[in-house]
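Colleague: In the order they appear, the protein sequences are chains L and G.
Note that the numbering used here gives residue 88 to position 88 of the first sequence, counting from 1, and the numbers run on in steps of one.
Note that the numbering used here gives residue 90 to position 90 of the second sequence, counting from 1, and the numbers run on in steps of one.
These are calculated hints, taken from the structure and not from any lab test.
These figures come from a predicted structure and were not determined experimentally.
For each residue, glycine too, the CB sits at the ideal point set by N, CA and C.
Take these hints with a grain of salt, some might be off.
Among chain L residues calculated to face chain G with C-beta under 8 Å, some are [claimed, not checked]:
1. L11
2. A40
3. L47
4. D85
5. Q102
6. F103
7. G107
Which residues of chain L face chain G? A few of them, derived with a C-beta cut under 10 Å, are [said to hold, decoys possible]:
8. I4
9. Q6
10. W7
11. Q45
12. L46
13. E59
14. L90
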Amino acid sequence: SQTIHQWPATLVQPVGSPLSLECTVEGTSNPNLYWYRQAAGRGLQLLFYSVGIGQISSEVPQNLSASRPQDRQFILSSKKLLLSDSGFYLCAWSLGREGGEQFFGPGTRLTVL
Amino acid sequence: DAKTTQPTSMDCAEGRAANLPCNHSTISGNEYVYWYRQIHSQGPQYIIHGLKNNETNEMASLIITEDRKSSTLILPHATLRDTAVYYCIVDRQGAQKLVFGQGTRLTINP
């Protein structure tokens, strides 16, 4: 069966510090991968998605970036965090032919102080 | 741009059926209706999806009107653990991006 891992579960970072969140998927090959953010009391916002290694599409201009160095690894990064980057970050995967069914990880709650 | 309209919140008594409506009057012929839910502090969970026929699985039933302009998610015997935000999403099967609106906050009361 497929599983998706995210870490860390929670993170508190000062403004201006770098960020690296990691997501890995097990039990499937060539998945589509997604990063979402959910600000407090808000809906989910798609940040990035990837259909293959090295292929990243950005949905919202921001100071975040994403990379996919391996088939089942998706990384969200920032060089300098802003207060507005606080939120609940969720990674998800899907299979290309069934893209509507996305499976989400447990999330990382990021607080920027 | 969300293509669906849902009530902001609903209440339901434990053990009763919870019926969550969704309007999607601009749905295209190749677009499916998907339902997800998000329990507090967790990632969203896929529930069910359908094109035009009614669908049922172990979690819920999905009733789509004949003109496909609206649908209803039915939780047949709601429990306290069904308290969550429920999202109705319209998109093509195989589409890369799902657009999550604000959803319906369903509260199951004892």
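Colleague: Could you run down the list of hints and mark each one as holding or not?
Modeller: Taking the hints in turn, this is what the structure says about them:
no.: 1; hint: L11; result: violated (15 Å)
no.: 2; hint: A40; result: violated (11 Å)
no.: 3; hint: L47; result: violated (11 Å)
no.: 4; hint: D85; result: violated (19 Å)
no.: 5; hint: Q102; result: holds (6 Å)
no.: 6; hint: F103; result: holds (7 Å)
no.: 7; hint: G107; result: holds (5 Å)
no.: 8; hint: I4; result: holds (9 Å)
no.: 9; hint: Q6; result: holds (9 Å)
no.: 10; hint: W7; result: violated (14 Å)
no.: 11; hint: Q45; result: holds (8 Å)
no.: 12; hint: L46; result: holds (6 Å)
no.: 13; hint: E59; result: holds (7 Å)
no.: 14; hint: L90; result: holds (5 Å)
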